Amino acid sequence: MKELKENIIQRLKTNFADAVAGSEFSYNRVDVHVKKETIPSILFYLKEEMGYVHLSHISCVDWLEEGEFELVFIVWSPVDKVKVFVKTRLDRENPVLENIDMIWRQANTYEREFREMFGIQFTGLVAPDEFILEDWQGPPPFRRDFDTAEYAKKTFWNRPGREDAQDVRETISGRDGEEIPDFAKKYSR
Amino acid sequence: MSFFDLTGTLKPLTALKQFGKQPHTISYPKVKKEAADRYRGFHYNDLEECIGCGNCSTICQNAAIDMIQIEGIDGKKGDSGLRPRVDNGRCCWCALCVEVCPTGSLSLTKDYLYVSEDPDTFLWTPGVDNPEGKERVSFTSTGDSSLNVFQRVPMRELEGKERVKSFAEVVLGYNEAEARAEASRCISCGICTEVCPDHMHIPEYINAIAAGKDDEAVRIIYDNNPLPEMCGKVCTRRCEDVCALAHRGEPIAIRWLKRYATETAVTADITHEIVNPVIKESNGKTVGIVGAGPSGLTAAYYLALRGYDVTIFEANAKAGGATMYGIPKYRLPIESLDKQIEYIQSIGVKIHFNTKVGKDITFKEIYEKYDVVFMGVGFPAAWTLGIDGEDAQGSVQAVNYLHAINSGDKVEIGDKVIVVGGGNVAIDAARVSKRFGADVTILYRRRVEDMPADWEEIEGAEDEGIHIIPQAIPVAVHKDENGRVKSLEYVLAEMVPDERGGRPKPVEIEGSNTTIEATSVMAAIGQMGDYSFLDEYAETIKVDRGRFVVNDKQQTTDPKVFAGGDAVNRTADAISAIADGFRACKAIDEMMMGTEK
Amino acid sequence: MVNDKHSQKIVDFIQNWSRKHSIWVLAYGTGCGAIEIPPTMTSRYDAERLGVRGAATPRQADVLMITGYLTVKTLKRVIRVYEQMQDPKYVIGFGSCTINGGMYYDSYNTINVLDKYLPVDVYINGCMPRPEAVLSGFAQLQKRIAEGRADGATQYKENLEWYRANQKRIIPNWVMPEYNW
Amino acid sequence: MEEVLYNILGAVVTFIVAFVVGMTYGGLTRKITARVQNRKGPPFYQNFIDAFKLASKKTAIHHGVMHLMGPAFLMVTSVMTLLIVPVLAGNNWFPNLNFHGDLIFLLYIMTFGPLGMALGAGQTGNPNSAIGVTRGLSQMVGFEIPWVMSLVALMIQYHTTSITGLMEVQAQSGTWLMLSSPFAFIAAVMAMFGMFRYSPFDIVGAPTELASGPVSENGGKFLFVMMSAGSVFTFAKLTLYVDLFMGGASNLVVLLIKTFLLYMIPVLYGVTSPRYRTEQAVRWFWGWPTFFGFLAIIQAVILK
Amino acid sequence: MRDKATTLYIGPQHPGITGNMMVKVQVEGDTIIKARTEVGYLHRAFEKLQERRNWLQSFTLLCRFCVPEPDPVEESYARAVEMLEGREVPERAKYIRVLMLELARMGSYLLWYGGQNGSLGLYTMGQWSVGDRNYILDLFEELTGGRIYHMYIWPGGVRRDLPEGFTDKVLRTMDYFEKRLKDYDDLMFTNTIFQKRTQGVGVISKEKAVEWGVVGPVLRGCGIKSDIRIDDPYEIYDQLDFEVPTAEGGDIWARALVRRAEIRQSIRIIRQVIEKMPSGEIYNKIPNPLKWALPKGDAYARTEATRGEIGMYIVSDGTVNPRRTHLRGAAYVHGVSLLEDLLVGENVADISAIMNSLGTCPPEIER
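Protein chains in written order, with my numbering: chain A, 509 to 697; chain B, 964 to 1560; chain C, 301 to 481; chain D, 1105 to 1408; chain E, 1049 to 1415.
There may be inaccurate statements among the hints.
Only pairs whose alpha carbons sit at most 30 Å apart, straight line, appear in this in silico DSSO-like list of lysine-lysine [unchecked claim]:
#1 D/1135 <-> B/980
#2 E/1217 <-> A/555
#3 B/995 <-> E/1256
#4 E/1273 <-> A/555
#5 B/993 <-> B/980
#6 E/1256 <-> A/555
#7 B/1332 <-> B/1243
#8 B/1243 <-> B/1313
#9 E/1344 <-> A/510
#10 D/1144 <-> B/993
#11 B/1124 <-> B/1373
#12 E/1227 <-> B/980
#13 B/1505 <-> B/1322
#14 E/1217 <-> B/996
#15 B/995 <-> A/694
#16 A/513 <-> E/1256
#17 A/513 <-> E/1273
Derived DEER-like restraints, expressed as beta-carbon distance ranges [as the list claims (entries may be wrong)]:
#18 E/1247 <-> A/636: 28 to 36 Å
#19 E/1327 <-> A/535: 26 to 34 Å
#20 D/1149 <-> E/1254: 52 to 60 Å
Quick partial rundown of chain B residues pointing at chain E, CB under 10 Å, derived from the structure [claimed, not checked]:
#21 975
#22 976
#23 978
#24 1002
#25 1003
#26 1004
#27 1018
#28 1062
#29 1100
#30 1101
#31 1109
#32 1111
#33 1148
Keep in mind the hints are simulated off the structure, nothing from the lab.
Note that this is a predicted model, so its numbers are computed, not measured.
In this text, a Cβ means the ideal position worked out from N, Cα and C, and glycines have one as well.
Next comes chain A alone, as it looks inside the complex:
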């Protein structure tokens, strides 16, 4: 298994100059980081040359603090029985990636979702604008800077009758006269 995994990384590295191996795992998983320009070619290579015929998943992670989106393509080979995670980072301000739905057709659905939920543009993607949301006016909702609870509170109504709820900590500190300084409050639950 170990040999096989090293072999995969080696092959990808020789073919794609920007491929960097990610952390190692004890189970059947290989991580490869590439630049976003390489994504279509490396996926095509994996599918056509190495037998990674099944695109298991595409995921997108918003690393707000780092100003980047991470796209993860998980492909699977029924022969090697190894999952290869191809990861790339996109600039959060201008997230553009090349469309890959000619390699795997189901990628189309993922791309539609990411376009809607994260605002990532896929060049060459042909699909209707709206996927899940309808007449959505806010920012792409799955970005981490969109606060769903606040939006829900503002937009939807909550049933009244629960205003008499009390905080346990406040009740007790009110009873015994404890004064919690402000810098400590963030550690209250």
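Based on the hints, put chains B, C, D and E in the right spot on chain A.
Only chains B, C, D and E this time, still in chain A's reference frame:
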């Protein structure tokens, strides 16, 4: 597909045989099928067992549980007085609230039917609105399934045989991983804070430790306790008694966690750096403090932070009072205490050592020189046993013995020591004696479980080979010809239940007199105050039953004089003294700044 | 004769009785609660015993079951469907989500309180309500009908403006025919 | 004059009986289906409750005149059929408009209702209705062939185009036509599957495909009218079959037994069958049923 | 009507739709010339909500992803968390998990029996199988305390041990189903009309299946032997003896045959699991859930569900809340692009049947 598929046409018709069979329909309104024994239906809360910790409310990802005040349930120590109310318009019956309930009072029942036309009737207070649920409880929390971690991270200690060899600290303290693990057990309810005399911000600093922010934890701790490391080692930690987890498991090691956090600040300088205290500009007011015990130091520290000019008069050569001289060094190393006092001094508190008020300086001088006086004088004198032969050589008071040892003096105790009493002082004296190679026996009037000392201390003593004779009342000390202690005679007692409902009383068993040999006898049955230094002020500053009379702001009958510590409160422990000092500080500040309400 | 009080009473009684025993539920699984509808309707619990059966289109249906949460997108359709239904019509709120948001109280895409947008006759507690609970929900609705109190549709008409305002507040692109009852 | 009044009264009675029997049969069907489906099912009078409820519903659907006329067409068709079919031989309470050639007239009138429905459904603008109606008409084309062939065979064989004529034939010979003209009977029964629109020929109003098809825009009172028309029509058709092939009935009990037994054939087969697609259904009707129809005609030509 | 294409809206309110979604089809006569799925009616933004909840609280949302068969989602999440954290699961818990998963598989297939036949008008089958499914739900209720939402498989193991006499009950239920499945076969699989309606409808070729990322019974119905339980074994599936049925043809009929065989394999697995079930711990307890932070990193675990591959991708930034959880729903692939493509050229009457045979489950698509 054949031209005509006879089987395919006729075989399905065999389904018609079902017509003759009894249908398996449950005629629901007529026939009711009981829900499974583990069904997750409506909540039921045992109101007696619930302590209102609110953990259910915290874990609920739907914000369905509110903690509310209920008529007939008042808060008390260890009980916030609040009870959960479930919004069934939010609940998803995941029963996480059951899994995290520390007392196991909350459970789900087999009842699931509720249909209403009024959407406002879906707010239920379990246990109040469905008292009948008690018999229908189905999904409960057992110790095994509970998501609370009931086992404390064990504290590493020296072996019993090892530790009697020296005064090295017995408790080794948590390392980082242990502290994080222990801190993350905390459910942050804050019920403990009410019991703490000083109302320390316990959940906050534990959470800071759990989050890996030790510095923050130290800052939070120093918010109202200037001697936290001392507390972290020797506090009586009543907080742990009411810990929500203590109901079904071991309480959070609050004391050890405090110790861990404060020990990360290795020196006074580092402490200063971490706490980074904001010292207000001098406001020109002066405060005189009698006694550098915990209460005096606390008052001094916080008054100094508020810009007062603070001076402490201490009779002994070192500050710390009873914590310095009463507690053996294997529990509280002298370096630790020094570090904390150095830190307090570093923010501008002046301490005059070896200055006994009443002898080296009169109380009058202090009273007149300072704008406010705070007295944290403690209980310097000890009770005696009041039995025959107590004047024998080798018969000492345990407090005095500890004081002498902690001062570095040598005391001749021989090889057979008997300690009378069951408090911490008794155990301390016994364990110190053990470290000097003596064979130590403790006599106590009541049973072992009645001993007021910490159970950890008692266990530690037993580990070290100290023999405890419970239900033994000393009657006489026998002297040898040199006037030295030769033996102690005691009588066994039986516990008689108190008719008025109090705790059982020991009653002597006639004729059970026993005599054991001894080279020294130590009495550890209590201490008392010495207020002779007051002189003419004894009239204005009233003393009642051996203690100063103070109001809830620690103000004595003389408005200019405040008092705290053992000389005021009945609990007689360091944290109460610190609380007194802190309270006095606030009251003094209010009085001087004119913000008194 | 119709003006006669007694005969009116009898007519009402018969009407309510037949309405009570014939409840056609619109086949619209708006949320996850739809998973307990098949067991309720099929052989084990067999709601048809009580006269409850499915109706394929809103025109034929009496009851609109809101099975759980409603997304804004679905709400738009649900309003449309509700307005297509014929009087008398009833709404059953099914599960926690219809009462106060349930699990999704903080989701940007689901409404929290159903009765702000549609008149609800009966709420069934649970997440998810068991078939028994669903059946007792129907029983409660039957009771309400028999007592002549199931007047959600009338309320909707009377307070149409209020409902409309609430609906339009969260549905940005309002393209719907006028409600003509 | 009196006779006319009696006839009108009799017609009303016939209608009521047909309605009640049709509804009860519907209810019994539901009950029997339920039992086959391993459940208890609704009470047998459930259809009446449903009908009352539908009648008591306010109905505010406006799609135009033709849409309003749709259910009316159905009702008219049902009543006409009912009035033409002799319910009980010689019973004054159940008069009928028998005349020579009424069998041929029936063939036409029975398609009249669906056509009316088609017009109505077309006007609703609901594509489900439109498609449903198209399917209904295609399917009708399917089952009309064996049905017509079967009737034509009877007409050829017994030289009569009236129902009463055929009944008399049976009364005289003492044998039911289902025995003397078995192929015609088989073809007719097979066509009946299509007529009653139970599975496997219920594609017209298949809820899972077309949301109940032609009736999808009809609720409340419309549906009530359609439902009662359906019940009456069911009764009329069953009576017609009984009259044609099972010797008619002399009293109500015999009639009920015969019709019920006949009715159970499509019902029970329907319970255990999925539905055919339209073209499959048409192909089915043009297969074996038409083949039997041919046989019937051949038999008729030979035996005439 | 021939010359003009009619637009049909199948859903969202439609008895034939599988869940709350819409298929907009343009038809000429009865033939579909264009299809467009529209989803989003059930979008609750689970993954967004999970970012606000901690790792344990997130767990309660999982079973809502796909209600007919919630356990594979729980399983995927639990396994992903365990993978990320390196948490061991006790042996007995693994067996109980497999038992749960297989029971859930059976339940889901029974519901499919109902759905597939309902779409074809054979309601008796639905009444039978969905009614019988209650016996499995009863088992769930007894084991987990909930009929539909089990919330049972959680990180570290399972929540409660088997109640007393539970295994006997399971075996009795299995006996019942073995008998009952024969009746189902008589009614459904031998039925000419069922065969006629399903054979040659909704055909997916092998090549297409690979290109479109088809998974689960649909892929096996194309003659490709692929099952995560065998290929990427999890829990104790590699120690069990069972077959992965396949069928040739790629039409509804082939998929139905695969499912028919799989439900029998499930019974076989359940019998084995009960036979081999070891005793011991069921739960490797997590620390206090309020302060349970996972190490930084990501993990992806996948489970074979009745609709295909269900994967859970989780990313932790080292805090108590997930940075990202992302469900790979099986229907995600089948329900949108594949369905749109597959419907073209089919008969309107078969839309519902095709959707059912693909196992389209809209809450899995939009989450």
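Right, here's what the structure says about each hint:
1. D/1135 <-> B/980: Holds, at roughly 15 Å.
2. E/1217 <-> A/555: The hint is violated at about 47 Å.
3. B/995 <-> E/1256: Judged against 30 Å, a Cα distance of about 51 Å means the pair is violated.
4. E/1273 <-> A/555: The given pair, whose Cα atoms are some 19 Å apart, holds under the 30 Å limit.
5. B/993 <-> B/980: Holds: residue 993 of chain B and residue 980 of chain B sit about 27 Å apart, inside 30 Å.
6. E/1256 <-> A/555: At roughly 15 Å apart (the allowed maximum being 30 Å), residue 555 of chain A and residue 1256 of chain E satisfy the hint.
7. B/1332 <-> B/1243: Given that 30 Å is the threshold and the Cα spacing comes to 22 Å, the pair holds.
8. B/1243 <-> B/1313: At roughly 16 Å apart (the allowed maximum being 30 Å), residue 1313 of chain B and residue 1243 of chain B satisfy the hint.
9. E/1344 <-> A/510: 23 Å, holds
10. D/1144 <-> B/993: Holds - the C-alpha atoms of residue 993 of chain B and residue 1144 of chain D are around 13 Å apart, at most 30 Å.
11. B/1124 <-> B/1373: 23 Å, holds
12. E/1227 <-> B/980: Measuring from Cα to Cα gives roughly 14 Å; hence the hint holds.
13. B/1505 <-> B/1322: 21 Å, holds
14. E/1217 <-> B/996: Satisfied, since the Cα-Cα distance of roughly 17 Å is no more than 30 Å.
15. B/995 <-> A/694: Violated, at about 50 Å.
16. A/513 <-> E/1256: 29 Å, holds
17. A/513 <-> E/1273: Distance of about 24 Å is within 30 Å: holds.
18. E/1247 <-> A/636: 28 to 36 Å: The hint (28 to 36 Å, Cβ to Cβ) holds, given that residue 1247 of chain E and residue 636 of chain A are roughly 33 Å apart.
19. E/1327 <-> A/535: 26 to 34 Å: 28 Å, holds
20. D/1149 <-> E/1254: 52 to 60 Å: Since the Cβ atoms of residue 1149 of chain D and residue 1254 of chain E sit about 56 Å apart, the hinted range of 52 to 60 Å holds.
21. 975: Holds: closest Cβ of chain E sits about 5 Å from residue 975 of chain B, inside 10 Å.
22. 976: 9 Å, holds
23. 978: Holds, about 4 Å.
24. 1002: Interface hint status for residue 1002 of chain B: holds (5 Å vs cutoff 10 Å).
25. 1003: 4 Å, holds
26. 1004: 9 Å, holds
27. 1018: Holds. Min distance 8 Å.
28. 1062: Where the cut-off is 10 Å and the nearest Cβ of chain E is about 8 Å from residue 1062 of chain B, the hint holds.
29. 1100: 12 Å, violated
30. 1101: Hint holds; residue 1101 of chain B Cβ to chain E Cβ min 7 Å, cut 10 Å.
31. 1109: Holds: closest Cβ of chain E sits about 9 Å from residue 1109 of chain B, inside 10 Å.
32. 1111: 7 Å, holds
33. 1148: This interface hint holds because 5 Å falls under the 10 Å limit.
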